[in-house]
Structure formats: C-alpha cells, structure tokens
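Since the structure of chain D is provided, determine the placement of chains U and L on it from the hints.
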Amino acid sequence: MFNDAVQFVENYPLLVAAIKIVIVFLVLSGVVAYMVLAERKVLAFMQARLGPMRVGPWGLFQPAADGLKLLLKEDIIPAGADKFVFLIAPVISVVAAFTVFAVIPYGPSSALIITDLNVGLLFVVAVSSLGIYGIILGGWASNSHYPLLGSLRSAAQLVSYEIPAGMAIVGVLLVSNSLSLVKIVEAQQSSGLWNFFLQPLGFLIFLIAAVAETNRNPFDLPEAESELTAGFHTEYSGFRFALYFMAEYTSMVLVSALAVVLFWGGWLRPFASVAALDFLNYLPPVSLLMIAGVVFFFARRNPVPAEKWFLVAVAAGSAVLAGVVAVPVVITAVQPIFWFTAKVFALLYAFIWYRATFPRYRYDQLMNVGWRWLIPLALGNLIATACVLWWAGPNPGRLKLFFAMLAANLAVAIVVALLVGWRSPTAAAVEKQTGS
Amino acid sequence: MTPVPVEYFLLLGTGLFTIGVVGVLTRRNIIIILMSIELILNAVNINLVAFSHLYGNVNGQVFALFVITDAVAEAAVGLGLIIALFRNKETVNADEIDLLKW
Amino acid sequence: MLAQSVFLILAVVALSSGVMVITRRNPVHSVIWLIVTLFSVGGIFLLQYAQFLFAVQIILYVGGIMVLYLFVIMLIRVETVAKQAPYSRQWAIGLGAVLVLACELMYGVYKGVESFHLGTPSRPPVDMNNTEAVAGVLYNNYMLPVEIASLLLLVAMVGAVLMAKKRFE
Numbered sequence: 001m002f003n004d005a006v007q008f009v010e011n012y013p014l015l016v017a018a019i020k021i022v023i024v025f026l027v028l029s030g031v032v033a034y035m036v037l038a039e040r041k042v043l044a045f046m047q048a049r050l051g052p053m054r055v056g057p058w059g060l061f062q063p064a065a066d067g068l069k070l071l072l073k074e075d076i077i078p079a080g081a082d083k084f085v086f087l088i089a090p091v092i093s094v095v096a097a098f099t100v101f102a103v104i105p106y107g108p109s110s111a112l113i114i115t116d117l118n119v120g121l122l123f124v125v126a127v128s129s130l131g132i133y134g135i136i137l138g139g140w141a142s143n144s145h146y147p148l149l150g151s152l153r154s155a156a157q158l159v160s161y162e163i164p165a166g167m168a169i170v171g172v173l174l175v176s177n178s179l180s181l182v183k184i185v186e187a188q189q190s191s192g193l194w195n196f197f198l199q200p201l202g203f204l205i206f207l208i209a210a211v212a213e214t215n216r217n218p219f220d221l222p223e224a225e226s227e228l229t230a231g232f233h234t235e236y237s238g239f240r241f242a243l244y245f246m247a248e249y250t251s252m253v254l255v256s257a258l259a260v261v262l263f264w265g266g267w268l269r270p271f272a273s274v275a276a277l278d279f280l281n282y283l284p285p286v287s288l289l290m291i292a293g294v295v296f297f298f299a300r301r302n303p304v305p306a307e308k309w310f311l312v313a314v315a316a317g318s319a320v321l322a323g324v325v326a327v328p329v330v331i332t333a334v335q336p337i338f339w340f341t342a343k344v345f346a347l348l349y350a351f352i353w354y355r356a357t358f359p360r361y362r363y364d365q366l367m368n369v370g371w372r373w374l375i376p377l378a379l380g381n382l383i384a385t386a387c388v389l390w391w392a393g394p395n396p397g398r399l400k401l402f403f404a405m406l407a408a409n410l411a412v413a414i415v416v417a418l419l420v421g422w423r424s425p426t427a428a429a430v431e432k433q434t435g436s
Numbered sequence: 001m002t003p004v005p006v007e008y009f010l011l012l013g014t015g016l017f018t019i020g021v022v023g024v025l026t027r028r029n030i031i032i033i034l035m036s037i038e039l040i041l042n043a044v045n046i047n048l049v050a051f052s053h054l055y056g057n058v059n060g061q062v063f064a065l066f067v068i069t070d071a072v073a074e075a076a077v078g079l080g081l082i083i084a085l086f087r088n089k090e091t092v093n094a095d096e097i098d099l100l101k102w
Numbered sequence: 001m002l003a004q005s006v007f008l009i010l011a012v013v014a015l016s017s018g019v020m021v022i023t024r025r026n027p028v029h030s031v032i033w034l035i036v037t038l039f040s041v042g043g044i045f046l047l048q049y050a051q052f053l054f055a056v057q058i059i060l061y062v063g064g065i066m067v068l069y070l071f072v073i074m075l076i077r078v079e080t081v082a083k084q085a086p087y088s089r090q091w092a093i094g095l096g097a098v099l100v101l102a103c104e105l106m107y108g109v110y111k112g113v114e115s116f117h118l119g120t121p122s123r124p125p126v127d128m129n130n131t132e133a134v135a136g137v138l139y140n141n142y143m144l145p146v147e148i149a150s151l152l153l154l155v156a157m158v159g160a161v162l163m164a165k166k167r168f169e
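Heads up: the protein sequence lines correspond to chains D, U and L, in order. Sequential numbering of the first sequence, starting at 1, is according to our numbering. Sequential numbering of the second sequence, starting at 1, is according to our numbering. Sequential numbering of the third sequence, starting at 1, is according to our numbering.
Please keep in mind that the hints were generated in silico from the structure rather than gathered at the bench. Every residue, glycine too, gets a C-beta built ideally from N, C-alpha and C. Please note: incorrect hints may appear among the correct ones.
Some chain L residues near chain U, calculated using beta-carbon distances under 10 Å [claimed, not checked]:
id, residue
1, Gly112
2, Leu118
3, Asn141
4, Met163
Okay, derived cross-link-like pairs now, DSS-like style, lysine-lysine, Cα gap no bigger than 25 Å in a straight line [said to hold, decoys possible]:
id, chain 1, residue 1, chain 2, residue 2
5, L, Lys83, D, Lys83
6, L, Lys83, U, Lys89
7, D, Lys183, D, Lys20
8, D, Lys83, D, Lys73
9, U, Lys89, L, Lys166
10, D, Lys83, D, Lys69
11, D, Lys183, D, Lys400
12, U, Lys89, U, Lys101
13, L, Lys111, U, Lys89
Okay, chain D solo, but in the shape it has when bound (with noise of 0.2 Å):
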C-alpha cells in the first residue's frame, strides 16, 4: 500500500500538488476563520468582557454565521467607483496573501511542502508585495475621501516598511546561505541555533515590520476608525469586504509562519540539539489531554443539554486524538506540524496582544520609526553581520558565532540610538517649530 502511495505521488506530480494546495487552502481559511473569533475573545477576555457567547458554546459557531452573514449581504458598488478595478482590487489581495503559503515548508519531508523553489525567498518578498495593490486600488476605485486617504497612507506605509523587513530577510540569508525555505530550515538544525539567536535584532526589525505591513495596531493607520472610518475598504460590503478581512488576517498568519521559518527554526522543536529537553516530545500528547480536560470543564457547567453534549464529544474526540498521537510512530510524525502550528499560534497570539496593549501612532510618529529607526538599525545589522560572518571565517563553533553576534547586534542598537537619538528633535521643539 505504501509503495502504491509512492507510485502515485512519482506518476501525477501535478495531481499530488493541487490536492496539496487544496488542503493548505482549506486550513487556512479555517485557521483565519477562528483567528477572527480568537481575537474578539482574547481582546475581550483581556478587557473583563465575554466576547461572543450567543453562537454555539461559548460562540465557538460565531465564524460561520460571521461568513453567513457576509456573504448574504448585498454587494454595494458606490456610484462614480472605478467598477473594474472595484471588483478586482479585493480579489488581488487575497490571491497575494495565500499565493505565498506555496513556498513555506511546514515539515522537514516533501510532502509537507507545496513546492521548494530555489529562490523561495525572493518568491516571499515579490509576492508579498503585491498585496499593496489591492488596498492602493481599492481605495482609489471607491471614489471616496476616507478610502483614499487610507491607501495613500497604506502606500507610504507599506513602501516604508518593506525596505526594513528586507533588509533583515537578507540577514538571515547571509546567515543560512541559501534562498531556499527548507534549506534556511536546515541550516538552522545543523548549526544548532535558530536565527533567533543570531539575528536577534533582525528577528526585533523584522517583526515591527511585519506588524507594519499587516496594517495591524499599532500601525493600522490605513484602516484608523477614529480617523477614517474604515480606510480603505470604507466602501466595501458583503463579500468583497469578507475578501479584504480574510487577506488581513490571512497575511497576518503569513508573516507570523515567516518569521517562525526565518528567525524561530521552522518545523525544529525548541533546542532540538539539547538532549535533557527530550520530553519536550512528549508534548502534543499532553497538549491534547489538557484541552480535553479544560474543554470537559467547561461541558460540565454548560447548562444548555445540547451545547452541553457537543462539548463532552469534542473533550472526548481530543481524548481519544491524544492517545492516538502517543503512540511512538505517530508521535514523531506529528513533531514538526505541532511545532511549527505552536510558534505561529504564539505569534499570532502576540499580535492579538498588541492590539490590546498599544495605542495607535501618529502618522509621522509611523514614518519616524520606519526610516529614522527601523532602516538605520536594518542596514547596521546587515553590515555587523556580514562582518561577523567574515571574520569568524567558515565552520565556526556555535558558542563562539552566538556572542560574536550578540555583541555585533549591542553594538550596532547602540551606535544607532546614539547617532540617530543625539540629533533627534524633541516632540516639544518640533512643535516649537511648526508652530502647531
């Protein structure tokens, strides 16, 4: 049967990919899906509040009928709106936040990839920006003041921002070598550090950045409700505005997967070398029963007979997936999915969490940090890291690269923040200034 599977795999190469590509897909729009309901929680349980409770238990059914409902609701094009590019502009967005989860290596095996390029990063950074796209277009074919000023405001943004995340992209790759995702992967396991700890300061520019780009908080400036009502999808309804939230948050589990492949070791289990931490494997076995655990706590009070029931049958379905998982063949195919699926988890979370800790800035506040900051500390992290790199020559130990790294990241923090932070005008003085 296993030899048929190859066979099968070996003789419709097209076949496998596409039902590869339908699979991602799928989890994908389940995992943005509950990404929405997730965040309404975590925000509200972060501000004493419920959340949504009405849908399910513990609105656990609220994405479907939030998909319901925007699908049904009728489709808006405003009068005077471009209508071509109009229509076009949603559907640009999301075909560039999914096309990039062709490239990203989920495990360490073929199958677990769609495909490996060879300049697969080049691919990510090219694809990626093309989303600018279709909030640019978009707020401009609405015809309206709010969405246009949105995107011009996204243009710059996302223009400014792309040049750090590059910048700390091309770090990483003078540090692993390669283009290729698998191989950046690789490197990562065979060193026995992940970026993270080498690029620390990369993995620092590079997440402001990402949040940057996702127009997320505290960034979201394009989309600022005090401001601009909605920014640019102002004048979206219906489907095409459910196409613009699932490019946000589908580009949000993007940079959050991109950062866990580049800075945090992909697929690799955390200290994967160290072998004390070996019961480490044993987590996702254990994970599960404690879900079963917590999602029967709560069946046991829900007061609902038929909620009450379904819950008993989820506690019990993750059960029965935990003693399946632990059996030993399974437990190690599953390691690299469970790993790489809780370092984008956590990310994400960390974006839920900004949202709910950060203000939102200013727009020259935004642009001060893009370019008097962020692309300064960039550029002097790509030149300390290829300085580091020459002078430890090839193969060096992995202790004596870490603090070389370290102390080349200090450096640099610190020469940038005296230099840029010496003539830097105060809030007071501008305002002096300008005369605002």
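Here is chains U and L on its own, set in the frame of chain D:
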C-alpha cells in the same frame, strides 16, 4: 521541453519596443509617456536575457539588472518632476509645458 | 512544444496589454495594464531560467516602481486628465515614423538571425543556481558599475526629494 528559438524573443522585444515608442510619441500625458519608457526598457531587457540564455552566460542578465536600476532612478526623478510640475502649472500634458517656446 | 505555447501566451498577453497601456485615457488603468505587461515579461524571464531577474522584476518593478506611479497619479487629479484629449496633435506623424522604425527593426532581426547563425538556446545545467551565478558575475566582474549604479540611485533619491519637496518661504 524544446527550447524557444531566440528570434521569437527578439521579435517580442521589437514589438514591445515599438509600442513603447508609439506611446512616447503620441500621448500627451507625461505619466503615460514615462510608462511607455518603462515598456521600452522592458523590451531591451527581453533582448538582453534572450542573448544571455542563448550564449549560456549571465552577463546579459547582469546588464538587465543595471537597466532595471536605471528604470528605478528614472521613475523616481521623473515622478518627482511631475509633482513639481503639477504644483506649478496644474497640468500633466506634455504639449502644455511650453514655457520656453515663444 | 510546451515552452513554445507558454511563450506564445505570454507574448500575446505582453503585447496586447502593452497596447492597452498606451491607449487608456485613465492613467490608473494604464498602470494596471503595465503591471500585466511586467508580469508577462517576468514570465518570459522565467522561461529562460533567469529566476533572479524574475524576482527582481516583480519586487522592484511591480512592487516598487508601479506603486510609486500609482501614488503620484493619486496625488494629482485624475478626473480632469481623463477628460482631456489623450493624443497629441502630431500623433499621425509619430505613428508613421514608428511604422518605419518597426519595419527596420523586423528586417534587422530577420537578417541578423540569418547572418549571425543564431541557434536555439540550450537548457542550462540543472544544478546551476541562477542567483549565485548572477551574484558571482555582478560582484566580481562588474564591481565598478555596481558602485556607479548605487551612486546613480543616491543622486536620483536626493533629486526626487528635492524636486517633490514643497518650498517653505
């Protein structure tokens, strides 16, 4: 996959180049004239890459890279000029910018 | 055969969208069609195993320059532009001159292929990494041009900022 003969690429480059020149010569809007220049540069790149492929070395691709660099610089300066022009003369039509014509 | 049909599709898309670029009244539509052209030219690069150039084409041209165009078009008022006459008065002379030029170019290609014995290109070895090859040539043989190009970009940057800047009195 049988390779495509090099003259196909050259003909495509010729076609794009011609379209670009037509745009430069017949349009009034400076922005579209600039875009036509991008078309011309792309036609040149097609030729460079075709010959690079034909002779199996990457020098042509490197030249195409330089052409793209040039296009970036040209677009930045050109669009800066257009903004300055629009601010002073409220027009983007090439034949209305006739300050030096007497 | 597959390569040829892919080439034909890409070529037809590139040429027809190129025509759309220079015939649209609304500059935003021109930009969209130019993006289509750039994509198909990128596809032509891929067809010739120039992966790095393809990536540069998308990142720089589509992701950078065209956004700049859109940005500028939105800063100036498009509605008035779209209502004005799109073609200049000497369009007929221009078209005639270009027809002559096109005929010359076609003849050149036709004769050139014959007299220089241009064969059909061969596939580069599979293990050759295009990005590495380009980088090797770029930073070894063309170091000085790279420096000059970076200087050019710096000058362009300063110039663009200076020209687009509002002058305070």
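Hint by hint, here is what the structure shows:
1. Given hint, Gly112/L at the interface with chain U, holds; its Cβ is 8 Å from that chain's nearest Cβ, closer than 10 Å.
2. The beta carbon of Leu118/L comes within 5 Å of a beta carbon in chain U, closer than 10 Å, and the hint placing it at the interface holds.
3. Of the supplied interface hints, the one on Asn141/L holds, with its beta-carbon coming within about 8 Å of a beta-carbon of chain U, less than 10 Å.
4. Annotation: Met163/L was flagged as interfacial toward chain U, and the flag holds, the nearest CB pair being 4 Å apart, inside 10 Å.
5. Restraint check: the Cα-Cα separation between Lys83/L and Lys83/D comes to about 18 Å, which is no more than 25 Å; the hinted pair holds.
6. Restraint check: the Cα-Cα separation between Lys83/L and Lys89/U comes to about 18 Å, which is no more than 25 Å; the hinted pair holds.
7. Restraint check for Lys183/D and Lys20/D: satisfied, since their Cα atoms lie roughly 20 Å apart, inside the 25 Å limit.
8. At roughly 19 Å between alpha-carbon atoms, Lys83/D and Lys73/D fall within 25 Å of each other, so this suggested pair holds.
9. Between Lys89/U and Lys166/L, the direct Cα distance comes to roughly 14 Å. Compliance with the 25 Å bound is thereby established for this hinted pair.
10. Our distance criterion of 25 Å between C-alpha atoms is met by Lys83/D and Lys69/D, whose separation comes to about 24 Å.
11. Restraint check for Lys183/D and Lys400/D: the C-alpha separation of about 22 Å stays at or below 25 Å, so the hint holds.
12. Distance check on the hinted pair: Lys89/U and Lys101/U sit about 15 Å apart at the alpha-carbon level, within 25 Å; holds.
13. For a cut-off of 25 Å, the pair hint linking Lys111/L to Lys89/U is broken: about 48 Å separates their Cα positions.
The structure fails to meet hint 13 from the earlier list, while all remaining hints are met.
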